[in-house]
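Trainee: Sequence:
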Amino acid sequence: MLKVATYNVNSIRKRIDTVLEWLKAHEPDVLCVQETKVQDEDFPLLALQPSGYHITFRGMKSYNGVAIFSREQPQSVAYGLDVGNGDPDEPRLIRAMIRGIPIVNTYVPQGFEIDSPKYQYKLQWYKRLRKYFDKHLSPEKPAIWCGDMNVAPEPVDVHSPEKHLDHVCFHEDARKAYQEAVAWGFVDVFRKLHPDRQQFTFWDYRAPNSLANNRGWRIDHIMATPPMAGKCVASDVDIEPRKQPNSSDHTFLWAEFEI
DNA sequence: ATGGTCGACTCTCGA
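Mapping of the first sequence onto this note's numbering: residues 1 to 259, in sequence order.
Some hints here could point you the wrong way.
Unchecked claim - Now the in silico label distances, taken between C-beta atoms and shown as ranges: (1) Asp-17 with Asp-40: 20 to 26 Å; (2) Ala-78 with Gln-39: 26 to 32 Å; (3) Met-1 with Asp-82: 30 to 36 Å.
As the list claims (entries may be wrong) - Keeping only pairs whose Cα atoms sit at most 20 Å apart, straight-line, the calculated DMTMM-like set for lysine to aspartate or glutamate is: (4) Lys-141 with Glu-90; (5) Lys-243 with Asp-204; (6) Lys-61 with Glu-90; (7) Lys-24 with Glu-240.
Bear in mind the hints are in silico, worked out from the structure with no lab data behind them. Bear in mind that the values here come from a model prediction, so they are computed numbers and not experimental data. We put the CB at the ideal spot given by N, CA and C, even for glycine.
Please build the complete structure, drawing on both the sequences and the hints.
Mentor: Pasting the structure below:
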């Protein structure tokens, strides 16, 4: 069995206990984390040591940052979308080979507003990501891609979709960009196992009582190539951590593969 | 209601 989870932590240093407790309770083989918001020299490795997990990470000051926790030491690790071109947001992607399976962890740019250059950058990022898949993965072989995709794929994946047509995480161009990356050869395993369920992974801090009123978004995803997706036997969201004081605005999503 | 609340870090930006 391979259990993989993803979590937008919104500062790893503020969420040490949350992560330690969740790892202990759920014992995933792999946990992909986004928005660590810390440069590598300040990553709280010692504080996370009690987990017993190997941790590989790439971050920067204040923003972005990704990490992969794994029970086993990865066989190889690669950082960034386009290595060596001075990519300013390299701390948005890590790929680790774990038990022979490439696992890609992404924190996709949010995009700010649909008429901003940042939004164009987000759309381009998905095009670059598809090329990255071409270069490093094969749809015929097991592979996993998970993380904060900053896209709600379908109307059911956001509360009040009619109000969010011009939102950067639901606008048709963002959904199309996301779908074109997915169409490279990935399957959304949560949606595969729960075809009709409305299940969010993110509830905005700024929206009053967003969790209590379940005004959320499903923007965190676990994707697998067909040979891998066929072995997915369970996937779910754990909203308990979001209910805790000092929580991230996202929560944990996990999937189990019978391998 | 065009806000709201967090987190990092200089004070305002990003989400």
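Trainee: May I ask which of the numbered hints given earlier this structure violates, with the numbers listed in increasing order?
Mentor: 2, 4
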